[in-house]
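S.K.: Use these hints to put chains L and R onto chain C, whose structure you have.
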Amino acid sequence: MRPGWERGGSVSGRAGMGAGRGRPESGGYRAVTTAMGRKRSPRADVSGHPVRYGTARYGTARIMRPDDANIAGNVHGGTVLKMIEEAGAIISTRHCNSGQGEPCVAALARVERTDFLSPMCIGEVANVSAEITYTSKHSVEVQVNVMSENILTGAKKVTNKATLWYVPLSLKNVNKVVEVPPIQYMHKEQEDEGRKRYEEQKLDRLETKQRNGDVILPVINPDRQMKEPHTVGYSQSSLIHLVGPSDCTLLGFVHGGVTMKLMDEVAGIVAARHCKTNIVTASVDAINFHEKIKKGSVITISGRMTFTSNKSMEIEVFVDADPFVDEPQERYRAVSAFFTYVSLSKEGKPLPVPQLLTESEEEKRRFEEGKGRYLQTKAKRQAQMMQQAQMMQQAAQH
Amino acid sequence: MRPGWERGGSVSGRAGMGAGRGRPESGGYRAVTTAMGRKRSPRADVSGHPVRYGTARYGTARIMRPDDANIAGNVHGGTVLKMIEEAGAIISTRHCNSGQGEPCVAALARVERTDFLSPMCIGEVANVSAEITYTSKHSVEVQVNVMSENILTGAKKVTNKATLWYVPLSLKNVNKVVEVPPIQYMHKEQEDEGRKRYEEQKLDRLETKQRNGDVILPVINPDRQMKEPHTVGYSQSSLIHLVGPSDCTLLGFVHGGVTMKLMDEVAGIVAARHCKTNIVTASVDAINFHEKIKKGSVITISGRMTFTSNKSMEIEVFVDADPFVDEPQERYRAVSAFFTYVSLSKEGKPLPVPQLLTESEEEKRRFEEGKGRYLQTKAKRQAQMMQQAQMMQQAAQH
Amino acid sequence: MRPGWERGGSVSGRAGMGAGRGRPESGGYRAVTTAMGRKRSPRADVSGHPVRYGTARYGTARIMRPDDANIAGNVHGGTVLKMIEEAGAIISTRHCNSGQGEPCVAALARVERTDFLSPMCIGEVANVSAEITYTSKHSVEVQVNVMSENILTGAKKVTNKATLWYVPLSLKNVNKVVEVPPIQYMHKEQEDEGRKRYEEQKLDRLETKQRNGDVILPVINPDRQMKEPHTVGYSQSSLIHLVGPSDCTLLGFVHGGVTMKLMDEVAGIVAARHCKTNIVTASVDAINFHEKIKKGSVITISGRMTFTSNKSMEIEVFVDADPFVDEPQERYRAVSAFFTYVSLSKEGKPLPVPQLLTESEEEKRRFEEGKGRYLQTKAKRQAQMMQQAQMMQQAAQH
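So the protein sequences, as listed, match chains C, L and R. With the first sequence counted from 1, adding 1273 to any position gets you the working numbering. With the second sequence counted from 1, adding 1273 to any position gets you the working numbering. With the third sequence counted from 1, adding 1273 to any position gets you the working numbering.
Pulled out of the complex, with its shape left as it was, chain C reads as follows (with noise of 0.2 Å):
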């Protein structure tokens, strides 16, 4: 091991919120960043080792008040989609203005698919911590852990774990994309797993791209009381946002988490008008930031159910902007996803779900599709947790 990285890891390993210190799936990753030949600041180690302190590790954390949660009290998963994002914005900023290039604005161009693993309350604490581990030429892969902590009881649960890629962007000229300083690996296989995922997701993004590219008409809010309950008409919903000055980052576009957020936010109107219970986020698909939205837009955030099993609901979520002040461009999709929802009891149980009534064609191919989406994902899980299984067992033999 490399004293550099070792004093390195000890000062920023240390200014996260120690939320996933140690557990297995933040890996060794620990990364650090070289900034060799950096003369902007002289930020390297005294020592001359081409280490950053300070940049590879960052937490928060923050007191959940009424307005993250729903009337039930738990958080909104929108909440937290957008304190990820936050994190990773400032932390990939961070890295990419550590180098010798131009000053530069990470923005988000992708999240993983994320699970909500368990509610959050008011009152609750939550503790967000990002780190970096992998950058390719143009593009930062940032984790983030984010812990609930009942500060009255001193409980702690570990909420979510997300992805996340942003590009750096010129603060001069915001059409130019910037080199990303490459950060340091412990081991060759960090590298070259962080490739393969690179890899992964960038094919992904050309597909939905594509997808995004079909004509989609929008979502219009129904005469909902004509509508049969259980229908897919019955529970599709709208919201419609001014975008403001608070919603954008320092180049005068929409910060992705504050489009998450609104995006969680018709999901569960969907979900609520659909099943008339407390219902909570369970997971959102992969998102891919394709297009920027500009301050001043007017944005139609829309959702229409897609499937349901007998305890979740799939809900596809549209983003179209409309830059309507600016004369020639025209309204466009920004964004789409796929978030999941459940029904819970009073005692936070998984309640049954109405099945989704499909009409058309296009709803009953949809409903198909979902089905695929889901059972993959079922298989994925079963998978993994035969490995785990497995891998338990090896070390129990040993």
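Don't take every hint at face value.
Any copy, or any two copies together, can satisfy a pair, since identical chains are not distinguished.
Straight-line C-alpha distance at most 30 Å; calculated DSS-like pairs for lysine-lysine [claimed, not checked]:
1) 1430 with 1445
2) 1651 with 1445
3) 1449 with 1567
4) 1653 with 1567
5) 1584 with 1429
6) 1429 with 1410
7) 1445 with 1644
8) 1619 with 1568
9) 1549 with 1619
10) 1644 with 1549
11) 1500 with 1568
12) 1445 with 1565
13) 1445 with 1619
14) 1461 with 1549
15) 1461 with 1637
16) 1461 with 1584
17) 1651 with 1449
Quick caveat, the hints were computed from the structure, so don't treat them as lab data.
M.R.: Below, chains L and R alone, put in the same frame as chain C:
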């Protein structure tokens, strides 16, 4: 003049921001509350006079932030309306609890027509002062003045004068209207004029209630790109908002000011879409709040242009509430109002406005009705100016 | 008494919320600003007296919302500090621009030690009144009183009295300190006492500057789960915030009040983690703002417990700013302060606090220093009570 009043005035009078003290437009009202036989709290004047200190006036002030303004830096009319309503809610709740009745919260029932006399900018201080000017058995009239102050140059301008009507609802039973403790007037004429205003607004509230009862189809966000510029359909817009805890009063219903802020936001989007320039709120017609909106509801705020003069636009705004978790209740019309906007050049001068292109019979009818309101307002304003000129002439002759 | 002043007073006096009117501690100060030879704006009294209307006093009020409070419904000390600072910033900016100097914005330099005399609750109205009580060549002393008002019962309580020092910075050149127009005192003693306070705070500011300059290692947030409860490491916490437009003044620097609100938030998390009960801010030691924080910076606010008495906890809070997009500047310590918290039972009575377990030599040293501050404050308070008792005795004898 009763000594009891004088003492009340000398204390309560200082509760205001001083803006308007002794100025003719705040009248010599200086209302005084009676608290005869009050048992809940021994707040009567020690000398036994039925006077409640500090009730009649109220003042507040706040620096305008980027989030309060549009891109050009002009503070939204809705921000001002929200501040006005908060001041009115505080002073009338305070007054309605000064008698011996049960604890209650004052709910906004109506705002009279308001003119925005001069624009406010980011960094300026908005000074708001409120005073109670009339009470009926079940309602309170509050007059609110807003003054903008540039704290760098010291320049002050009257921005708004508004008249609001509140109704006290029991804290224990939200459907019960509580009795209002009467205020004491300095002159008989004050009471008579107040009663006249009270009767007039009562009549007007009845009329809008009937109009609101009409089945008006929700304004559906169209495929704008297929519409001709300057048609009604081209600029019509909606916002959809999920009501959170911070939007609500102690009784769990949306603050009238929150609703008005969203209404102004939609009207501003419609106006900006129509004329693609910097636009500001010029006035708001009387708004009646017939129906409360409950926490957790989804509200749709829709706006459509109804009329254009050479230099102004009239936009009709509807608020529909959907208390979707409460099974039996259906979506209902909560409020509607007309907003007038003007377009400003970079120097702050009014610009010509493109004429509204009406297509359907309905649109033509609404245009004519808007023209009627426009001409009526114009005539009223001219009559007022004539009257003022006469008064000044008379004063000069003495 | 000069008639010019009298008129000034009769207007500006009404600008306050009435809180403090006639109370001895607001003195007969009623400072009056001079505007001799002012040319920038014709704001002098028509009669030619050097009086500036509406400068000397300022009042504001706001209803406390769910987001302003903790789960138990007690308003955060930080919310109150933020309101106090906004009032101070407005009144001192107004005053500093009343002379003939160049346009400027008052920046918070220091807040004297503040006690939270009684808790405030959601739904209550916070009434804030501010007045200028001393001016040196380059600084302004503002005294602010906060009174909580239950508008349902009419009950009022003094919540806070705070003294703030502001320094006017030129609008054109943020590094230039502008001269402050002198205020006019009613008695010679007022000026003398003010000068004494000025000299004292100047000395104290110098001292903290040196202490802040010390190399203080960042508060390291360890793996809490491995720490013993009631140790320093167990409760220490951090919060990270990206500075947005609404956090900043016209000059683009963070409002002192925004910083203090975040500091109180972290201190509250530390206190709650330590004693696992409902906790409230009891007092804040003097805070010196040595370094400005620029828009777009990332600020890290860290807190660690330093001392516990039987019924109180002292928490040290640091604010470090990282202006990461700005080329040359490195992360720096912007502010630090001590917050004292108490733990309350459901009936609002102070509860015993678990003793802080100190481990390292550093922690033991800080504990002893905290004990010193605690005993000093206690002695001061007893002396004040003795003095008051004597004064009451003397008054009774006459």
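S.K.: Each hint: holds or not?
M.R.: Quick rundown of the hints versus the structure:
no. : hint           : in the structure
1   : 1430 with 1445 : between (42 Å within a copy, 25 Å between copies)
2   : 1651 with 1445 : neither (45 Å within a copy, 44 Å between copies)
3   : 1449 with 1567 : both (16 Å within a copy, 25 Å between copies)
4   : 1653 with 1567 : neither (37 Å within a copy, 42 Å between copies)
5   : 1584 with 1429 : both (26 Å within a copy, 27 Å between copies)
6   : 1429 with 1410 : between (37 Å within a copy, 27 Å between copies)
7   : 1445 with 1644 : neither (45 Å within a copy, 48 Å between copies)
8   : 1619 with 1568 : between (40 Å within a copy, 20 Å between copies)
9   : 1549 with 1619 : both (13 Å within a copy, 25 Å between copies)
10  : 1644 with 1549 : within (22 Å within a copy, 45 Å between copies)
11  : 1500 with 1568 : between (36 Å within a copy, 24 Å between copies)
12  : 1445 with 1565 : both (16 Å within a copy, 24 Å between copies)
13  : 1445 with 1619 : between (52 Å within a copy, 22 Å between copies)
14  : 1461 with 1549 : neither (51 Å within a copy, 45 Å between copies)
15  : 1461 with 1637 : neither (47 Å within a copy, 44 Å between copies)
16  : 1461 with 1584 : neither (42 Å within a copy, 54 Å between copies)
17  : 1651 with 1449 : neither (40 Å within a copy, 51 Å between copies)
Going through the hint list in order, the structure does not satisfy hints 2, 4, 7, 14, 15, 16, 17.
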